[in-house]
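Enquirer: Make the full structure from the sequences, and use the hints.
Quick mapping for you: the protein sequence lines, in order, are chains G and X.
So the first sequence is numbered by numbering that gives the first Met the number 0: it starts at 0 and just counts up by one.
So the second sequence is numbered by numbering that gives the first Met the number 0: it starts at 0 and just counts up by one.
In case anyone wonders, no lab produced these hints; they're calculated from the structure.
All values derive from a computational prediction rather than experimental measurement.
Among the hints, a few may not be true.
What the hints assert, rightly or not - Interface residues of chain G toward chain X, partial, derived using beta-carbon atoms under 7 Å:
#  : residue
1  : 125
2  : 126
3  : 129
4  : 284
5  : 655
6  : 699
7  : 702
8  : 708
9  : 711
10 : 720
11 : 722
12 : 779
13 : 788
As the list claims (entries may be wrong) - Pairs of lysine-lysine, DSS-like flavour, derived with a Cα cap of 30 Å:
#  : chain 1 : residue 1 : chain 2 : residue 2
14 : X       : 1         : G       : 452
15 : X       : 108       : G       : 66
16 : X       : 95        : G       : 662
17 : G       : 452       : X       : 95
18 : X       : 108       : G       : 24
Quick reminder that beta carbons are idealized off the backbone N, C-alpha and C, glycines included.
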Amino acid sequence: MNAFAGSIDRPNSYIGRSVSRPNAKRLLEGRGRYVTDLVLPRMLHAAFVRSPYAHGRLVSIDIEEAKALSGVRAVFTGEDLASICAPWTGTLEHFNNMKSPPQVPLPLEKVMWSGQPVVLIVADSRAIAEDAAELVIVDIEELPALADPVEAMSAEAMSQELADNICFATKLDSGGVEEAFDAADTTVGQSFIFGRHTAVTLEPRAIVADYDPSENRLTAHHATQTPYQFQDVYSRHYGIPEANVRVIAPDIGGSFGMKLHVYHEEMAVVGASILLGRPIKYVADRMESFVSDIHARDHRVTGRLALDRDGRITAMDVDDVTAIGAFSSYPRTSAVEGNQVIRLMGAPYDFSSYRANLSVVFQNKVQTSQYRAVGHPIACAVTECLVDAAARELGLDPFEIRERNLIPDNSYPRTSPTGYQFEKLSHQVCLARLKSIMNYDDLLAEQADLRVKGVLRGIGIALFVEITNPSPAFYGVGGARISAQDGAILKLTPSGEVHCSISVTEQGQGTETIIGQIVADQLGIDREKVRVMTGDTDTTPHGGATWACRGAGIGGETALQAARKLKANLLAVAGLILQAQPGELDIRADWIVEAVTGQQRISLAEVARIAFFRSDTLPPETQAQLSVVHHYAPQGYPFAFTNGAQGCLVEVDAETGFVKILKHWVVEDCGRIINPLLVDEQVRGGVVQGLGAAFFEECLYNEDGQLTNGSLADYLVPMACEMPDIEISHVETPTRDTELGAKGCGEAGTAAASAAAMNAVNDALVGHGAVLTQIPMTPTRILRALGTI
Amino acid sequence: MKARAFDYMRPKCVQEALEAFASADGDASYIAGGQSLVPALALRLQAPGLLIDIARLDELRGLSIVDGHLRIGATTRHCEILGSNLVREHAPLLAKAAPFVAHPAIRNKGTFGGSLALADPASEFPAMALALDAIIEIASVEGSRRVGAGDFFIDLYETALQPGEIITAVHVPVATVKTRTAFDELARRRGDYAIVGAGIDAQMQGGFVERMRIAFLSVGPTPVRVSAVEAALTGRQLTPEAIRQAQDVLGTELDPAGDEHTPPKMRRHLARVLLGRLLGRLEANV
Ligand SMILES: Cc1cc2nc3c(=O)[nH]c(=O)nc-3n(C[C@H](O)[C@H](O)[C@H](O)COP(=O)(O)OP(=O)(O)OC[C@H]3O[C@@H](n4cnc5c(N)ncnc54)[C@H](O)[C@@H]3O)c2cc1C
Numbered sequence: 000m001n002a003f004a005g006s007i008d009r010p011n012s013y014i015g016r017s018v019s020r021p022n023a024k025r026l027l028e029g030r031g032r033y034v035t036d037l038v039l040p041r042m043l044h045a046a047f048v049r050s051p052y053a054h055g056r057l058v059s060i061d062i063e064e065a066k067a068l069s070g071v072r073a074v075f076t077g078e079d080l081a082s083i084c085a086p087w088t089g090t091l092e093h094f095n096n097m098k099s100p101p102q103v104p105l106p107l108e109k110v111m112w113s114g115q116p117v118v119l120i121v122a123d124s125r126a127i128a129e130d131a132a133e134l135v136i137v138d139i140e141e142l143p144a145l146a147d148p149v150e151a152m153s154a155e156a157m158s159q160e161l162a163d164n165i166c167f168a169t170k171l172d173s174g175g176v177e178e179a180f181d182a183a184d185t186t187v188g189q190s191f192i193f194g195r196h197t198a199v200t201l202e203p204r205a206i207v208a209d210y211d212p213s214e215n216r217l218t219a220h221h222a223t224q225t226p227y228q229f230q231d232v233y234s235r236h237y238g239i240p241e242a243n244v245r246v247i248a249p250d251i252g253g254s255f256g257m258k259l260h261v262y263h264e265e266m267a268v269v270g271a272s273i274l275l276g277r278p279i280k281y282v283a284d285r286m287e288s289f290v291s292d293i294h295a296r297d298h299r300v301t302g303r304l305a306l307d308r309d310g311r312i313t314a315m316d317v318d319d320v321t322a323i324g325a326f327s328s329y330p331r332t333s334a335v336e337g338n339q340v341i342r343l344m345g346a347p348y349d350f351s352s353y354r355a356n357l358s359v360v361f362q363n364k365v366q367t368s369q370y371r372a373v374g375h376p377i378a379c380a381v382t383e384c385l386v387d388a389a390a391r392e393l394g395l396d397p398f399e400i401r402e403r404n405l406i407p408d409n410s411y412p413r414t415s416p417t418g419y420q421f422e423k424l425s426h427q428v429c430l431a432r433l434k435s436i437m438n439y440d441d442l443l444a445e446q447a448d449l450r451v452k453g454v455l456r457g458i459g460i461a462l463f464v465e466i467t468n469p470s471p472a473f474y475g476v477g478g479a480r481i482s483a484q485d486g487a488i489l490k491l492t493p494s495g496e497v498h499c500s501i502s503v504t505e506q507g508q509g510t511e512t513i514i515g516q517i518v519a520d521q522l523g524i525d526r527e528k529v530r531v532m533t534g535d536t537d538t539t540p541h542g543g544a545t546w547a548c549r550g551a552g553i554g555g556e557t558a559l560q561a562a563r564k565l566k567a568n569l570l571a572v573a574g575l576i577l578q579a580q581p582g583e584l585d586i587r588a589d590w591i592v593e594a595v596t597g598q599q600r601i602s603l604a605e606v607a608r609i610a611f612f613r614s615d616t617l618p619p620e621t622q623a624q625l626s627v628v629h630h631y632a633p634q635g636y637p638f639a640f641t642n643g644a645q646g647c648l649v650e651v652d653a654e655t656g657f658v659k660i661l662k663h664w665v666v667e668d669c670g671r672i673i674n675p676l677l678v679d680e681q682v683r684g685g686v687v688q689g690l691g692a693a694f695f696e697e698c699l700y701n702e703d704g705q706l707t708n709g710s711l712a713d714y715l716v717p718m719a720c721e722m723p724d725i726e727i728s729h730v731e732t733p734t735r736d737t738e739l740g741a742k743g744c745g746e747a748g749t750a751a752a753s754a755a756a757m758n759a760v761n762d763a764l765v766g767h768g769a770v771l772t773q774i775p776m777t778p779t780r781i782l783r784a785l786g787t788i
Numbered sequence: 000m001k002a003r004a005f006d007y008m009r010p011k012c013v014q015e016a017l018e019a020f021a022s023a024d025g026d027a028s029y030i031a032g033g034q035s036l037v038p039a040l041a042l043r044l045q046a047p048g049l050l051i052d053i054a055r056l057d058e059l060r061g062l063s064i065v066d067g068h069l070r071i072g073a074t075t076r077h078c079e080i081l082g083s084n085l086v087r088e089h090a091p092l093l094a095k096a097a098p099f100v101a102h103p104a105i106r107n108k109g110t111f112g113g114s115l116a117l118a119d120p121a122s123e124f125p126a127m128a129l130a131l132d133a134i135i136e137i138a139s140v141e142g143s144r145r146v147g148a149g150d151f152f153i154d155l156y157e158t159a160l161q162p163g164e165i166i167t168a169v170h171v172p173v174a175t176v177k178t179r180t181a182f183d184e185l186a187r188r189r190g191d192y193a194i195v196g197a198g199i200d201a202q203m204q205g206g207f208v209e210r211m212r213i214a215f216l217s218v219g220p221t222p223v224r225v226s227a228v229e230a231a232l233t234g235r236q237l238t239p240e241a242i243r244q245a246q247d248v249l250g251t252e253l254d255p256a257g258d259e260h261t262p263p264k265m266r267r268h269l270a271r272v273l274l275g276r277l278l279g280r281l282e283a284n285v
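Expert: This is the structure:
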């Protein structure tokens, strides 16, 4: 297909423009409406009693005293909910032999992680529910906890339904790896540890489940990215016809992947609402978030690179053991991360021999699953650290070794040794751009000067490939009822404005803004005249919603095609009114104009007035189609890959192990940019999360499987004071699979920030005999690597 | 995270507050800025039946000079310490430590007396009260008494305060022309409780240490004075050699515990580095 040919100078040419977000003012004024704000008549509140043990057998649960407390309406345990809820299992068919124990809202026999909800209390207020929670006596026989993933691999199965603790294992082998290593002039190898971290959204998870038995109808006001997926889940697991389930996702305070998984608490609250016939609100508090939101990463990777005399990579060999908690999450599973880790390894580089081993392992911790930049930071850090290690070994500059190895920009399309198909990437341009915006040579000179004075500066770079615009190859083929397509409804109002309801959703990243831009741009109307609505399964078409960087690329294309369809309809009506050929007309600045001369003929508002109220004046037989519905499913490449390069400048205090992040650079190519401002902010936010993983964020567990830092005092999220200035530059290589040409950008920042930071710290420590291969790179770990402590 | 139900009262004077506590059968707590108590209530770590709000009592307010001491009313907020010229002039060490206490939102509510009463060993002001040899003025139904900072901090969150007693003010000896001070801490993020921190209040004459008090935070169950280090430096010039010896003495004097982020060894190492840097600053008089 042809790439979209837009000119930024046309009237209403919003694609490519940094326009502000219409919803920003509302949110800033405190007029956002989050699930937490919702108050319904007869609404009750939920609180949970949680397991204090990471692993144990339920002996008895005494709920009598809790039930008797004034204001308590019900107390539910495992059986109550299991009897009305079909169990769920987090596997995908295209992951061969993947297994996971079935899950129910509240446990029946065993507790599998510390913090697992065991008893649900429903009361007139959350405070009363918490009072009652203190009165529940849960007797648990503690069992040995499997916390360490490597131990778990060979230990006895912790779930009676399974034979062992391996959720999923797979190998990739393109052939020739052994031979390449045997023939190599240089080989480098390192072992890496990537800690667990978690999303820490500003707004925690929240739901108000409202079941109406008179109509067998469930309305869930649910802080989620994916209302359609939850409509399907609630319908199928609670046996309510899908059309009777309405999921409304109002304003969402961040999500990052965390809010698209099925959680026991939300399932339990839905079940309780069905049992009681009353609306029930549950809002996770911060302590609950830490022990029940999905965590992310948790990988132990060993990687090796083989290179020839010229510093060209000839082969890569990796092994990843990743621990995912007690269950694979549902319905997207906890294996996608590991799968993407082993498939994204080495992605920017031109070599053909690749081998990988992946083991996805159960353990007694809360589950891990998809979180911003699924698998990317791991693949990127392993690859880029090994490339830097090779550069040091060979005495090559980090830019130089990459220039020698990158897939040339003129050699696309390409298929990676791991099977990914790249339509067109721009590594060479991006790397060159990075070098110039970093003023690399000046940085090197400054670094050398400061080194003499004992100041340790480090410069690190990292290249990345990002997976965006997923087709059904992602989930659909694996049997998951998760749509890869999106749908939009565009309606003309009688005043000549346009209402757009679309299935992509907004969590603060600006989805509604870009959809409005695209619709206004394509229709030729003022942006103020487009109202975008998202997040309600009753009023928007079924679609994939927002995840894996698909909002702009797929949702945007849906909006574009829908707008073109509506435009054709509007020009047809206008043609009848004006007795002109529709093909000779156009819409510009809310007016029907002569396409060639631009001369204004009739306002869109007037066309709307006539069509809605004076259809009698239109020729007989005409039926003006003033609303359109349009669906778009990605075709062509299974994924639209993007790429980019990042740089990081740090200063390491070798006495204290403290690192100051001085500056960060990003060059990224997400294809057609719809709103540069929003892309920049997405990238910046992503970088901050990547730097958080690199330096601060880690869910720390003791050997009993207890999370020891589950509060915002102890779990360190990156804060503004520690974050550097982040400079961003864009390269645009539109995908030719769509008219719009947009790819995703939401995960680009996170994909490579931690890798660049690791390389920067290791660059600073060159000559001090220390190499960091574990994140977060805490002062303690840095001083240990230096041998100081 | 909802607190258990409690009663709340706002007495008109200290006497009324003391009496209210006395008649509550021990099931009461004073609340000042609430910046430590309210989170503890929400987490149900504490659940007193009655909160007695002392934040607005005039008797507990104000900064003034009384008898060669800076008198800091117990409910003086952290932000007032930070912004006060009196503090900068007469208790420069407090002025230097104040920016490290939490974040602006917390400094706007948290109180000096509350910080001392809580006696969190990671807090800046308790340690600085020790370094400044402050005197803590305490009211009870029996009357008023004064306790030196050295006798005030007893164990983790445990002070010389008896149940029902209120800190009314803290008296800090005013700085002289010979006073040199330094404060710093190592925290992972700005505003966090530090891994380790220290403040020094010294009297220097002609480059020689006449008297020096050094107090560390976050190195034990209470704020810690390191008297052996102080003794090792008294009467000496702060030469690199003297500083190195002081660091060695510190290594024998401190016995910090670890936490999930920081093993004991790390903390001891950082304390040593910090001491060296602070003494270097005193020497350079910056
Ligand atoms: C996110 C966060 C970060 C923080 N970071 C820091 C930090 O870096 N450094 C730091 O030092 N502090 C920090 N704090 C704590 C803050 O400084 C507290 O405000 C302070 O320690 C307690 O003062 P308060 O007035 O808020 O006391 P409250 O919370 O009101 O009371 C604390 C305790 O002291 C008792 N009490 C209060 N006043 C008196 C009195 N006059 N007499 C007797 N008993 C009294 C109360 O009964 C209660 O038991 C932080 C707090 C938060 C929430």
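Enquirer: Is the interface hint for residue 655 of chain G satisfied, with its Cβ closer than 7 Å to some Cβ of chain X?
Expert: With a minimum Cβ separation of about 6 Å from chain X (threshold 7 Å), the hint on residue 655 of chain G holds.
Enquirer: Quick one, are residue 1 of chain X and residue 452 of chain G close enough, alpha carbons at most 30 Å?
Expert: Violated, at roughly 54 Å.
Enquirer: Holds or violated: is there a CB of chain X closer than 7 Å to the CB of residue 788 of chain G?
Expert: With Cβ-Cβ at 5 Å, under 7 Å, it holds.
Enquirer: Hey, residue 108 of chain X versus residue 24 of chain G, does the alpha-carbon distance stay inside 30 Å?
Expert: holds (29 Å)
Enquirer: Holds or violated: residue 95 of chain X with residue 662 of chain G, Cα cutoff 30 Å?
Expert: holds (28 Å)
Enquirer: Can we keep the residue 699 of chain G interface hint, with Cβ of chain X closer than 7 Å?
Expert: holds (5 Å)
Enquirer: Quick check on residue 708 of chain G please, does its C-beta sit within 7 Å of some C-beta on chain X?
Expert: Cβ of residue 708 of chain G sits 5 Å from chain X, so the hint holds.
Enquirer: A closest beta-carbon separation below 7 Å is what the hint needs, so does residue 126 of chain G meet it against chain X?
Expert: holds (4 Å)
Enquirer: Could you check if residue 284 of chain G really has its C-beta closer than 7 Å to a C-beta on chain X?
Expert: This interface hint holds because 4 Å falls under the 7 Å limit.
Enquirer: Under the criterion of a CB-CB separation shorter than 7 Å, is residue 720 of chain G in contact with chain X as hinted?
Expert: Since chain X brings a Cβ to about 4 Å from residue 720 of chain G, closer than 7 Å, the hint holds.
Enquirer: Just to be careful: measuring from the Cβ of residue 779 of chain G to every Cβ in chain X, is the smallest value less than 7 Å?
Expert: With Cβ-Cβ at 5 Å, under 7 Å, it holds.
Enquirer: Given residue 722 of chain G as an interface hint, is the shortest Cβ-Cβ distance to chain X below 7 Å?
Expert: It is violated, given that the least Cβ distance between residue 722 of chain G and chain X is near 10 Å, above 7 Å.
Against the hints set out earlier in the document, violations occur for numbers 7, 9, 11, 14, 15.
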